[in-house]
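Number of protein chains: 2
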Amino acid sequence: MNASVSLPSVLNIRPEAERAPTSGIVDVFNYGRNKPGLIPLWVGEGDLPTPSFITDAAARSLAAGETFYTYQRGIPELRQAIAGYLERLYGNPVDPERIFVTSGGMPAMQIVMRMVAGNGDDVLVPTPAWPNFMGALVTAGAQPVGVPMNIGETGWTLDFDRLEKAVTPKTRAIVLNSPSNPTGWTATHDDLRQVLHLARKHGLWIVADEIYGRFIYEPSLAVGARTPSFRDVMEPADRVIFLQTFSKNWAMTGWRLGWIEAPPALGQVIENLVQYQTSGTPVFVQRGGVAAIEGGEEFVAHQIDRARRGREIVGRLRDTGLVEMPMPPGAFYAFFKVKGGKTSAEIAVRLVDEAAVGLAPGSAFSQPSEGYLRLCYARKPEDLEEAVHRINAALPAIVAG
Amino acid sequence: MNASVSLPSVLNIRPEAERAPTSGIVDVFNYGRNKPGLIPLWVGEGDLPTPSFITDAAARSLAAGETFYTYQRGIPELRQAIAGYLERLYGNPVDPERIFVTSGGMPAMQIVMRMVAGNGDDVLVPTPAWPNFMGALVTAGAQPVGVPMNIGETGWTLDFDRLEKAVTPKTRAIVLNSPSNPTGWTATHDDLRQVLHLARKHGLWIVADEIYGRFIYEPSLAVGARTPSFRDVMEPADRVIFLQTFSKNWAMTGWRLGWIEAPPALGQVIENLVQYQTSGTPVFVQRGGVAAIEGGEEFVAHQIDRARRGREIVGRLRDTGLVEMPMPPGAFYAFFKVKGGKTSAEIAVRLVDEAAVGLAPGSAFSQPSEGYLRLCYARKPEDLEEAVHRINAALPAIVAG
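Protein sequence lines correspond, in order, to chains A and B.
Heads up, the first sequence is in this note's numbering, so the first residue is 1 and it goes up one at a time.
Heads up, the second sequence is in this note's numbering, so the first residue is 1001 and it goes up one at a time.
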């Protein structure tokens, strides 16, 4: 898992490419993807296809011949729609000039990492963390520095002492993902202020991934219907860049549509980096994004309700007494440790074989994560109930040997 | 033109990002994009929207709910279709495991440049050249080294002495684009063998961009209905990677669909780099690609016929005696020098103002290119006739002062 690729030396490939980690999630996925009857909860996507009011908008655009090159920063209608959406959600006006459409959250991250770090630079990433942060940094030539979070009975917490001690002259940025994939950890305003203080003090960029910001279940952590955001505590001059995606809220994982929110002074740089990355996002895909924002609130509410119910169902994994799992306050993942000392990969493979359930090995998310598994509960209740039933039935034998 | 961005130092952005060149084409495009009645010949795309048999395939896929994450290497049906297409075009079987679907030709190039070069490395690029080669190299941290081609009365030629003299211990690869954007230069088999010899001798990768390989007008350079290809002269062990795109043949510029053809030993590395770049290409876009290959031959033939006719019309620019323009043997660009010593940018702006025609400034394509302009003739004859008429009428005043 997570091994870099071993190549014939004759191929003579750059270390940034050769060291790019193979996803440990994909490994297990490839192992079990064709197993009949398997309930797939390993990938970070729900089971609902994109609603038809969104796919229809894209189909209309295709039929209308919107098949040419377009604006590198995104079509004006979508940039405007996103700015309006952010204003409604966060309560303050957003300049559309801050919005840069990308072909997904991952391309947004790749561009941001290219801007903030390269060879010889360190970037701090509280862990467990989505492995793609590490992958994007490695391919940019930078060194991701995992800073382990603390785990207690009530959940995960950021360790600010450890974070500050990890800062060196080579440190260029901090990645903060709240609510977190995989742990569901959700930052308070005080957490965000402390990270901001650290970034200001050491001249660091903050890369803010708040893409699960509407999936919040713990009322004490909610600000209305969303989580605390850096935008609540930052000043305009702060070096904070936001990553966003249409994937999760609007069930558009396969569309590859997201955005960067950044200071307008970076506009030309971002435009250039889009040019040399994807050369823009298809107009017909962007029309889907406009439709999602304009007509999607009911669907998003439905998705959040479903995830809330899914979280309750998945909580029953604790009934066995064989897992350690504080209830996640946000996002839509359960991240739990199986007692008994088996590795994540062993358990994941055995759950494919013995329970026909696909989970992601926690070890893919950096330490402390060995022995953990990640389960995505953005799925219909029947599947989740059956999955929990099967896992709970299989775990005693897996823990025993 | 081509200036890097000047940013407040407080932003503290990596040099690979800050030095990424702003496209000189985009500069003029932004200057003239809203001028009424302008005939736009600056961008490398035709005037036909994607045919409906392709857009319909994508719309059906969307309606069928193919909106989830997918294979990082591309859906098997498309990889198979591409391999079959290459076999029909080039006459030899192609293993689908050599094919890696990307979100356009540019993402293909970005991944390839990431593999072959980074900080401290040089890559040779015969010039004039498409500026995105340079951009992809700069953002990878590498140094593009332009190697000027020679221009004579009969056209452009590669200077092999100059190419070999440009090789240093830091050189890692040669980019070869044939037929060339912008010059239309088309390599003979002997040219390709000489480049291959050089690459073998110095242990270099060849990045082969043969995307205009079906747009060939000079019979003495054609191999059947396509241009000579590295695949005609290489051995399986040679380090040659091909970039390809659906954009040009099938009028799919806005779709962002292309592929890499590479040794299967690089498969896992490419899969990982796709993961950290776009995380895959939408399935519904890939379904459009399958339809394009399966049903597109008549349309491609129509596109080529149109370009052939366009080339003849554009040849009349020479009637003024104010331009130097050897007829391009391939691709679909006229690349011509305007006499009188004005810069490319000056002429391009004046042609917007005085002729309402949009051309790309040649200087965007690296030297020798100052004073040149690039015109894309993949367009309906009526527009091209009118454009040539207007340019020929405007040129005397522009040349005079």
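Worth flagging that the hints you see were computed from the coordinates, not collected in a lab.
Please note that the accuracy of each hint is not assured.
Claimed, not checked - Across the chosen pairs, the derived CB separations fall in these ranges: (1) Tyr-1071(B) to Arg-88(A): 30 to 38 Å; (2) Gly-1037(B) to Phe-53(A): 36 to 44 Å; (3) Ala-1301(B) to Asp-56(A): 30 to 38 Å; (4) Arg-1162(B) to Val-43(A): 49 to 57 Å; (5) Arg-19(A) to His-1189(B): 46 to 54 Å; (6) Gly-1091(B) to Ala-64(A): 37 to 45 Å; (7) Glu-1370(B) to Arg-19(A): 38 to 46 Å; (8) Asp-1305(B) to Ala-64(A): 20 to 28 Å; (9) Glu-77(A) to Lys-1165(B): 30 to 38 Å.
Every residue gets a Cβ at the ideal spot worked out from N, C-alpha and C, and that includes glycine.
Verification of the hints:
Roughly 36 Å separates the CB atoms of Tyr-1071(B) and Arg-88(A), a value that falls within the hinted 30 to 38 Å. Between Gly-1037(B) and Phe-53(A) the beta carbon distance is about 37 Å. The supplied range of 36 to 44 Å therefore holds. Distance hint for Ala-1301(B) and Asp-56(A): a CB-CB separation of about 33 Å, consistent with the stated range 30 to 38 Å. The hinted range of 49 to 57 Å is satisfied by Arg-1162(B) and Val-43(A), whose Cβ atoms lie roughly 51 Å apart.
Separation of Arg-19(A) from His-1189(B) is about 38 Å and departs from the stated range, judged on CB atoms against 46 to 54 Å. Hint check: Gly-1091(B) to Ala-64(A), Cβ distance near 39 Å, so the stated range 37 to 45 Å holds. Range check, Glu-1370(B) to Arg-19(A): Cβ separation about 41 Å, and the 38 to 46 Å hint holds. At roughly 26 Å, the beta carbons of Asp-1305(B) and Ala-64(A) sit within the given window of 20 to 28 Å.
The hint said 30 to 38 Å for the Cβ distance between Glu-77(A) and Lys-1165(B), and at roughly 52 Å that hint is violated.
Of the numbered hints given earlier, the model fails hints 5 and 9; all others are met.
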